[in-house]
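K.L.:
Sequence:
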Amino acid sequence: MAGNERAAGAGQGAGRRVSDDEKARAATIFDVARLAGVSHQTVSRVLNDLPNVRPATRARVEQAIKQLRYVPSQAARALVTRRTRTLGLIVSGAPDYGPSSTALHFNEAARDARYSVITASMLEADAASMRSTAELLVRQNVEAIVLIAAQRGGLDTIERLDLGVPVVAVASEDRGALHRVWLDQYAGARLAVEHLIGLGHREIRHVSGPTSATDTAERLRAWSSTLGEHGLPAREPLVGNWSPGSGYVHGRSLAEDREMTAVFVANDQMALGVIHALAEAGRSVPGDVSVVGFDDIPEAEFFAPPLTTVRQDFVELGRDAMAGVLAVLGDDDRMPTPRVPDLVVRASTAAPGAASTPPA
Numbered sequence: 001m002a003g004n005e006r007a008a009g010a011g012q013g014a015g016r017r018v019s020d021d022e023k024a025r026a027a028t029i030f031d032v033a034r035l036a037g038v039s040h041q042t043v044s045r046v047l048n049d050l051p052n053v054r055p056a057t058r059a060r061v062e063q064a065i066k067q068l069r070y071v072p073s074q075a076a077r078a079l080v081t082r083r084t085r086t087l088g089l090i091v092s093g094a095p096d097y098g099p100s101s102t103a104l105h106f107n108e109a110a111r112d113a114r115y116s117v118i119t120a121s122m123l124e125a126d127a128a129s130m131r132s133t134a135e136l137l138v139r140q141n142v143e144a145i146v147l148i149a150a151q152r153g154g155l156d157t158i159e160r161l162d163l164g165v166p167v168v169a170v171a172s173e174d175r176g177a178l179h180r181v182w183l184d185q186y187a188g189a190r191l192a193v194e195h196l197i198g199l200g201h202r203e204i205r206h207v208s209g210p211t212s213a214t215d216t217a218e219r220l221r222a223w224s225s226t227l228g229e230h231g232l233p234a235r236e237p238l239v240g241n242w243s244p245g246s247g248y249v250h251g252r253s254l255a256e257d258r259e260m261t262a263v264f265v266a267n268d269q270m271a272l273g274v275i276h277a278l279a280e281a282g283r284s285v286p287g288d289v290s291v292v293g294f295d296d297i298p299e300a301e302f303f304a305p306p307l308t309t310v311r312q313d314f315v316e317l318g319r320d321a322m323a324g325v326l327a328v329l330g331d332d333d334r335m336p337t338p339r340v341p342d343l344v345v346r347a348s349t350a351a352p353g354a355a356s357t358p359p360a
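Numbering (the UniProt record's numbering), first residue to last: 1 to 360.
Treat the hints as calculated values from the structure; they're not laboratory data.
Errors might be hidden in some of the hints.
Said to hold, decoys possible - Ranges between beta-carbon positions, derived for each pair:
1) S225 to P338: 13 to 23 Å
2) R69 to T211: 18 to 28 Å
3) P95 to L163: 21 to 31 Å
4) Q63 to R160: 48 to 58 Å
5) A304 to G231: 29 to 39 Å
6) R114 to A281: 48 to 58 Å
7) V165 to S212: 25 to 35 Å
8) R258 to R160: 44 to 54 Å
9) N48 to T337: 26 to 36 Å
10) N48 to R221: 41 to 51 Å
11) R221 to E108: 29 to 39 Å
12) N241 to E280: 16 to 26 Å
13) S225 to R311: 38 to 48 Å
14) Q63 to L104: 39 to 49 Å
What the hints assert, rightly or not - Derived SDA-like pairs (lysine to any residue); straight-line CA-CA distance at most 25 Å:
15) K66 to R114
16) K66 to N52
17) K66 to L123
18) K66 to L50
19) K66 to N48
20) K66 to R34
21) K66 to I29
22) K66 to T119
23) K66 to D49
24) K66 to P55
25) K66 to A26
26) K66 to S39
27) K66 to T84
28) K66 to A128
29) K66 to H40
30) K66 to V53
We put the beta carbon where it would ideally sit given N, CA and C, even for glycine.
Go ahead and model the full structure; you've got the sequences and the hints to work with.
P.N.:
Written out as structure tokens, the structure is:
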């Protein structure tokens, strides 16, 4: 090829005058190749800084790029590398803090790695919507798909599809057919329940997330098993939908339970509703009832009282999702180690019957 490039360069080189038509429209990789007297594959090699390009040829291509003011597209780069440096992101469920924050930091990590992201969001992860969305992303030549799976149905559908590209799921539920990154929901929930038991609580209720959510089962399992290990009863959980409204509804019924002294709530938004309902019923937090949430949303420290909760590191989870993508694209099946959330103790928990005072 080098001989052909020299011959072409002698006749056409970068000294060829640029036509008016070329000046009037955005230059393409083929315009650069024609002006430099090389193939478009050689231009792509220069753009991607690949070896096996003679210095003189590289200089001629760079001069043509400058002369034409050429801005390479992703499609042009993909001509040689077969890499589009584009990823698909599917986010299912309501725009809650956790999934939204994870998606934000995944996008930031992707940009840092010089990837662009095509994002698709859906409230309900029904099979038809999930299939059509995933297939649309594949038709846009994404190299991999990341699924932030708030709902179990999305995992079910993706697991059955043969998409021809790697899929990395951000999900607490293990699926053998999918690569997965996650925060350890079970360990985080144990921290919450152990904290309440350590304060002396023996009647600890639970307001769970919806049964369709992937995080619900692990948090509920941790609550139940931790109580069992301490010989404490695990009474029927109250099923919410992640919203403050559902927490408020369950908080009203909990306010009537005079034996209950603590509540582990599966997210902070529902905990807000629970606290509001308890206050309306004249039950003080934490004097009468201690409340622990989950997530540590930015508003949690400004609740009345400030909320004791389990902090999830969504910044690192988003970065872990990108690290997982880079691993599978590099033929490495090892995913990042799951992260364990932290307990953040604030003023919404105390020993049973204690005065409502902030923690030391």
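K.L.:
If a hint holds in the structure, say so; if it doesn't, say that too.
P.N.:
Outcome of the hint check:
About 18 Å separates the C-beta atoms of S225 and P338, a value consistent with the hinted range of 13 to 23 Å. At about 57 Å, the CB distance of R69 to T211 disagrees with the hint of 18 to 28 Å. Distance hint check: the CB atoms of P95 and L163 are about 25 Å apart, consistent with the given range 21 to 31 Å. At roughly 52 Å, the beta-carbon separation of Q63 and R160 lies within the given 48 to 58 Å, and the hint holds.
Restraint check, A304 to G231: a C-beta distance of roughly 34 Å satisfies the suggested window 29 to 39 Å. Taking the beta carbon of each, R114 and A281 are about 55 Å apart, inside 48 to 58 Å as hinted. Between V165 and S212, the C-beta spacing of about 26 Å keeps the proposed range 25 to 35 Å intact. Checked against the given bound of 44 to 54 Å, the beta carbons of R258 and R160, roughly 49 Å apart, stay inside it.
Checked against the given bound of 26 to 36 Å, the beta carbons of N48 and T337, roughly 33 Å apart, stay inside it. Range check, N48 to R221: about 48 Å between beta-carbon atoms, so the 41 to 51 Å window is met. Between R221 and E108 the beta carbon distance is about 32 Å. The supplied range of 29 to 39 Å therefore holds. Between N241 and E280 the CB atoms are about 20 Å apart, so this pair conforms to the stated range of 16 to 26 Å.
A hinted range of 38 to 48 Å for the beta carbons of S225 and R311 is inconsistent with their spacing of about 22 Å. The supplied range of 39 to 49 Å is met by Q63 and L104, whose beta-carbon atoms lie about 41 Å from each other. In summary, the hint linking K66 to R114 is supported, as the alpha carbons are separated by about 22 Å, within the 25 Å threshold. Proposed proximity of K66 and N52 is supported: the alpha carbons are some 21 Å apart, at most 25 Å.
Using a Cα cut-off of 25 Å, the hinted pair K66 and L123 is violated, with the two alpha carbons roughly 46 Å apart. For the suggested pair K66 and L50, the alpha carbons sit about 19 Å apart, so the restraint of at most 25 Å is met. Our distance criterion of 25 Å between C-alpha atoms is met by K66 and N48, whose separation comes to about 16 Å. A distance of roughly 14 Å separates the Cα atoms of K66 and R34; the hinted pair therefore holds under the 25 Å criterion.
For the given pair, K66 sits about 12 Å from I29 by alpha-carbon distance, which is consistent with the 25 Å threshold. Between the alpha carbons of K66 and T119 the distance comes to roughly 33 Å, so the proposed pair goes past 25 Å and is violated. The straight-line distance between the Cα atoms of K66 and D49 is roughly 16 Å, inside the 25 Å bound, and the hint therefore holds. Using a Cα cut-off of 25 Å, the hinted pair K66 and P55 holds, with the two alpha carbons roughly 16 Å apart.
Between K66 and A26 the CA atoms are separated by roughly 13 Å; this keeps the pair inside 25 Å, and the hint holds. Taking the CA atoms of K66 and S39, the gap is near 17 Å; set against the 25 Å cutoff, the hint holds. Only pairs whose Cα atoms come within 25 Å are accepted, and K66 paired with T84 is accepted, the gap being roughly 23 Å. Restraint check for K66 and A128: the C-alpha separation of about 47 Å exceeds 25 Å, so the hint is violated.
Restraint check for K66 and H40: the C-alpha separation of about 16 Å stays at or below 25 Å, so the hint holds. For the hint pairing K66 with V53, the CA-to-CA distance comes to about 18 Å; that is within 25 Å, so the pair holds.
When each numbered hint is compared with the structure, violations occur for hints 2, 13, 17, 22, 28.
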